[in-house]
Amino acid sequence: MKWLNVLREGATRAADKAQRTVEVTKLAAQISGKRRLIRDVQRQIGAAVHEANKRGDFTAARPEVTLLSAHIDGLERQIGVLELELQRLNREKTCPCGRIVPFSARYCPDCGKPFVIRPETVDEALEVEASLHCIRCDAEMGEDDKYCFRCGSDQSEDGGASARIEE
Numbered sequence: 487m488k489w490l491n492v493l494r495e496g497a498t499r500a501a502d503k504a505q506r507t508v509e510v511t512k513l514a515a516q517i518s519g520k521r522r523l524i525r526d527v528q529r530q531i532g533a534a535v536h537e538a539n540k541r542g543d544f545t546a547a548r549p550e551v552t553l554l555s556a557h558i559d560g561l562e563r564q565i566g567v568l569e570l571e572l573q574r575l576n577r578e579k580t581c582p583c584g585r586i587v588p589f590s591a592r593y594c595p596d597c598g599k600p601f602v603i604r605p606e607t608v609d610e611a612l613e614v615e616a617s618l619h620c621i622r623c624d625a626e627m628g629e630d631d632k633y634c635f636r637c638g639s640d641q642s643e644d645g646g647a648s649a650r651i652e653e
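Residues in the sequence shown are numbered consecutively from 487, following this note's numbering.
Incorrect hints may have been included.
To be verified - Straight-line Cα separation of at most 20 Å, SDA-like style, residue types lysine to any residue; simulated pairs:
#1 K599 to P582
#2 K632 to N539
#3 K579 to F601
As the list claims (entries may be wrong) - Ranges of calculated distance between the beta carbons of each label pair, as one might list FRET restraints:
#4 R494 to R521: 17 to 23 Å
#5 R506 to P595: 20 to 26 Å
#6 S555 to A591: 33 to 39 Å
#7 Q505 to V602: 17 to 23 Å
Don't read these hints as lab results, they were simulated from the structure. The C-beta atom is built at its ideal place from N, Cα and C for all residues, glycine as well.
Turn these sequences into a full structure, and let the hints guide you.
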């Protein structure tokens with residue numbers, strides 16, 4: 487019956503990963519759509535400026551350009567929110583230097599800047615990220631597993647080693 491539980495857990499993990507992939511793909515499509523809208527609005531701004539230039543009066547285009555620019559600003563804010571959600575799903579964060587790093591990183595590998603970690607953020611991240619891994623093949627394991635389902639190695643403490651917790 488143990489192998490049935492292992493099979494069930496594997497299927498659950500696969501379903502979770504598939505769901506996460508669907509969510510990531512959906513967010514990426516939304517971001518792409520909003521970027522396409524920004525390009526369209528930028529074309530409208532260019533057309534308005536061109537028409538104003540043809541008439542010889544740039545001030546005539548100012549209200550339309552201002553309105554369209556505000557629309558672009560709103561779309562860029564929406565993209566920022568979607569990108570943060572995408573990073574959360576991928577367990578990543580962005581350094582002020584622009585480098586995207588794993589959420590567990592304490593320092594940026596590019597600029598060396600330390601990340602300020604609030605205790606509640608660490609606790610939330612550990613709830614999401616903490617998982618047991620096989621000491622031999624690094625396969626994800628369940629809490630009660632004594633043997634790795636992939637390589638069969640003993641994970642119990644009396645087996646000489648214990649599964650390591652990855653954060």
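Here is what the structure says about each hint:
1. K599 to P582: Given pair K599, P582 holds - Cα atoms ~9 Å apart, limit 20 Å.
2. K632 to N539: Status violated; Cα separation ~75 Å.
3. K579 to F601: With a Cα-Cα distance of about 10 Å, the restraint between K579 and F601 holds, given a limit of 20 Å.
4. R494 to R521: 17 to 23 Å: violated, 41 Å
5. R506 to P595: 20 to 26 Å: Taking Cβ atoms as reference, R506 and P595 lie about 25 Å apart, which means the hint holds.
6. S555 to A591: 33 to 39 Å: For A591 against S555, whose Cβ atoms are near 36 Å apart, the range 33 to 39 Å holds.
7. Q505 to V602: 17 to 23 Å: With a Cβ separation near 31 Å, Q505 and V602 fall outside 17 to 23 Å, so the hint is violated.
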